[in-house]
Amino acid sequence: MNTLTRRDFLKYAGALSVLGSAGCASLSSGSTPRIVVAGGGFGGATCAKYLRKLAGPAIGITLIEKNRRYVTCPFSNTVIGGLRTLDALTYTYDTLARKYNIDVVYDTVTSVDAAAKSVSLLGGKKLNYERLVISPGIDFIWGAIEGYDEAASETMPHAWKAGAQTALLRKQLVDMPDGGVVIIAAPADPFRCPPGPYERASLIAHYLQQSKPKSKIVILDAKDKFSKQPLFQDAWDELYKDMIEWVPGSQGGQVTRVDVKTHAIYAGNSEHKAAVINVIPAQKAGALAHSAGLANETGWCPVDPRTFESKLHPNIHVIGDACLGGKMPKSGYSAHSQAKVCAAQITALLLGQPPVDPSWINTCYSLIAPDYGITVAAVYRATPEGIVDVQGAGGVSPREAPRSVRAAEAIYADGWYKSVTSDAFS
Amino acid sequence: MIAAKFHVLGLAAALGCGSVNIAAAADLRGAILANPCAGCHGMDGVSTGSIPSINLLSADAIVAALKAFKSGERPGTVMDRIAKGYTDEEIQRIADYFQPLKNKIKP
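First to last, the protein sequences are chains A and B. Under this note's numbering, the first residue of the first sequence is numbered 1, with each subsequent residue one higher. Under this note's numbering, the first residue of the second sequence is numbered 1001, with each subsequent residue one higher.
Chain B with its partners taken away, still in its complex shape (with noise of 0.2 Å):
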């Protein structure tokens, strides 16, 4: 279960009488190292203005992008200065770490 899932539903209930064995974020390595991506692309990687949504793109996507920006490939304004703070590692941490928020709605 994902981090993502609790505001949205439940909360009532799990707060309340009888389910309190919820899980927490599987993956807290992940979420630190993703977390800050939301300060501009929006929590879980969904955009409220003009900085493009982040969270429908497929793992593949976002490794390649990062990297080409890491790389100088990619032009950018600032996320070809951002990616160079990262290992190919944390890179695929960081993919990973929205894949589960795609089917998250829009707001």
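The following block holds chain A by itself, in its conformation from the complex (with noise of 0.2 Å):
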């Protein structure tokens, strides 16, 4: 057994400064090593969790976050499509705080020193640390398809962040008219979520058949493949024929340019109009990683495919959207999987031990239809040249399969949405 004792700590720890442990007199303040974890989403949380689960009561762990709720990207896509509604999405943090005893702190990092081990917040507190997690999800790159900014969003929704935005989307769909055109702009990889362009493209339809069947949608993508393509365009057939269409980067999806006095998107050599125009922008790590200085010229951070530990700056760890996590995808279940692991090789650290020979799982569930499911799984090793997936295993759901397979991976898809939330946020 290890045991992760007090002197382990101190030995670890050395004379660095960290917080003492809230009120607590008989424990001398700069005995207890502090991890903070910015950023709340499936990295950020299930990190500070899992560092309490792994570690135990001995470390303070000090989560910051923005928002008091979190609404999950994952199933987003099943509120555009008027199967759920944001609410079902939608998780506090009390559970963290309460029953892990995470000091969640709800204000934003303005500035990290690497150098002194802390990080400042805009609410003016001070944290010093001895290990620090960022998981900052992603940013937009607004203005690489011109015209379309912050502000262009309000009118053409990119609903790639979910919560307002998800519900604009969702409105204006409601709001158009029946023999209406759906646009959706997808963006060139890499990017958050890859197959969630096309579920979402798929949930629209799977809404517009029942509701305004003469609707129809056209994919613009800056890509010539995409995430479970096979997949999903067997399933467009079978399902709603016609209705999608789907415009590869080389044959004029390119999209460039945006109007939004007169509601047109502009790809290859075309304008298009549509009822509905939902904007994808390229992304880059969330703003945190810029302004710390983890992020490299791919505008994404480099870390150690071991310990997710920033390549730039040391005892600052990088996990989710925004780090360079080799052949692992974007993806909540992959900022959830690289947290546990992050978890796991702080705890070793902090023992004094060497990181662990690490392991990862990736599963996507992408739903066509409410009873029309399809994955993508694979399971990942960290190697010199980073994290890649294991040869011979993992792969997408198979293309000959019956329908009673979609069927059941649409409901295990729904059992995926509880277990990785809860596993994440209860």
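Keep in mind that the hints were calculated from the coordinates and are not lab data. Hints are not guaranteed to be accurate.
What follows is a list of derived Cβ distance ranges for each label pair [claimed, not checked]:
no.	chain 1	residue 1	chain 2	residue 2	range
1	A	Asp189	B	Glu1073	29 to 39 Å
2	A	Thr155	B	Asp1088	52 to 62 Å
3	A	Ser250	B	Lys1102	49 to 59 Å
4	B	Asp1060	A	Asp149	57 to 67 Å
In silico lysine-lysine, BS3-like type, Cα no more than 27 Å apart, as pairs [unchecked claim]:
no.	chain 1	residue 1	chain 2	residue 2
5	B	Lys1102	A	Lys99
6	B	Lys1084	A	Lys327
7	A	Lys327	B	Lys1067
8	A	Lys418	B	Lys1084
From the structure, some residues in chain B lie toward chain A, with a derived Cβ separation under 8 Å [unchecked claim]:
no.	residue
9	Ala1031
10	Ile1032
11	Asn1035
12	Ala1038
13	Cys1040
14	His1041
15	Met1043
16	Ser1047
17	Ser1050
18	Thr1077
19	Ile1082
20	Lys1084
21	Gly1085
Idealized CB from N, CA, C, for every residue including glycine.
Assembly of the complex is requested from the two constituent chains, each provided in isolation within its own frame, with the hints serving as guidance.
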């Protein structure tokens, strides 16, 4: 049994000044190592929780998150398709605080001092850390598509961060006339949730087929291929016939400009007009990754593939969409899986042990209809070249499969959502 | 002592004064292999939805199931694809990791 004792921590932490354990007189201040986690999505919430599960009560854990409520991106396409409400996708940090004794601070990190190992918060607080984990998710590269900035997203929603944008896109679909066109502009790789635009097209088609059957969906894609493509296209033929048109980048799908005033979108050499225009812009690591100097020229954060420790600043770990996670896709489940590995490695490091040989899983369910699910799954390992998927394992659902298999995967998609959200937030 | 017990009892006492000598997870390698299972099968293998719980299975049952998925003998939706990612030794480590979690109360 490895026992994480105060002596181990003192040995490890040396004379470093760390925050004292709140309200405890008999623990001399400076004796409890504190891990600060910034960002309360699937990465940050899971990491904070699993640090407690793995390292036990002898460490302080602070989770810094701007919002009191978190709306999951996974399953937000079901809201857009009218199958669920946003409330059903909304979580708080109350259980993490109460049950796992995580100090949840509703604030924003304004700066990181990597040398002093401290973070400053917008509200004026300053926190010292033994190790910092940041899980800032994504930001959009506004202006990469000419005319598409944050203001434009109020007219042409991205709905790629769940919440008000999800509700706006849903409202536009409900308000549009039968016979209208919905355009989805899908970005080039890499971006959050590679199958997401195509699941979205599917669930919008499901809604339109029932409520506005003369309507049409056009996907203007910057790419020439996409995740689970044969499975999606087979299902579109089977379920939605000619309702969904996919335009690859080399055939006029590459969006270059939008005009909010005329509600037009330009791709290839063509102007397209539509009742609803959903623009999913190009992405980069979330703002904190950039302000803290953790991102490189790619816009994402290079990390040690075993521990997620930044290659640019020591004692800071970057997990989730923001990191360069090798072959792992940018998904909530990847972030969740990375968070658990990061928590285990930080526990090992606090014990003065070398990192453990890590392993990850990613499983992404996509719903094409309420009773039609497909998956992509992989098992990952760390190599000196980065995180790679284990050859001979993983892959997508079989292309030839009876509807009973699709129905089973739709049922498991719901189970997956329940498990992954409770594993992260409760 | 196993990590699963932490969230049940004693946090206040342990985090408060006096008791800081609390065990870390005994088996970090087992944890790192088995924790991803929880994303679908629920924390500590206790599912909250339609995917089966795995915490009540014996180690032999987990090993048998994973090996059967791995060989293709047992059909699955995703488990056939996932089980192929593990060596027999790793499968045993995963199975062993879940054994002390058997007493966990269903949510």
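Do the hints match the structure? See the list:
no.: 1; hint: A:Asp189 <-> B:Glu1073: 29 to 39 Å; result: holds (36 Å)
no.: 2; hint: A:Thr155 <-> B:Asp1088: 52 to 62 Å; result: holds (57 Å)
no.: 3; hint: A:Ser250 <-> B:Lys1102: 49 to 59 Å; result: holds (55 Å)
no.: 4; hint: B:Asp1060 <-> A:Asp149: 57 to 67 Å; result: holds (59 Å)
no.: 5; hint: B:Lys1102 <-> A:Lys99; result: holds (20 Å)
no.: 6; hint: B:Lys1084 <-> A:Lys327; result: holds (17 Å)
no.: 7; hint: A:Lys327 <-> B:Lys1067; result: holds (25 Å)
no.: 8; hint: A:Lys418 <-> B:Lys1084; result: holds (25 Å)
no.: 9; hint: Ala1031; result: holds (6 Å)
no.: 10; hint: Ile1032; result: holds (5 Å)
no.: 11; hint: Asn1035; result: holds (4 Å)
no.: 12; hint: Ala1038; result: holds (5 Å)
no.: 13; hint: Cys1040; result: holds (5 Å)
no.: 14; hint: His1041; result: holds (6 Å)
no.: 15; hint: Met1043; result: holds (5 Å)
no.: 16; hint: Ser1047; result: holds (6 Å)
no.: 17; hint: Ser1050; result: holds (3 Å)
no.: 18; hint: Thr1077; result: holds (5 Å)
no.: 19; hint: Ile1082; result: holds (6 Å)
no.: 20; hint: Lys1084; result: holds (4 Å)
no.: 21; hint: Gly1085; result: holds (3 Å)
In the structure shown, no violation is registered for any of the earlier numbered hints.
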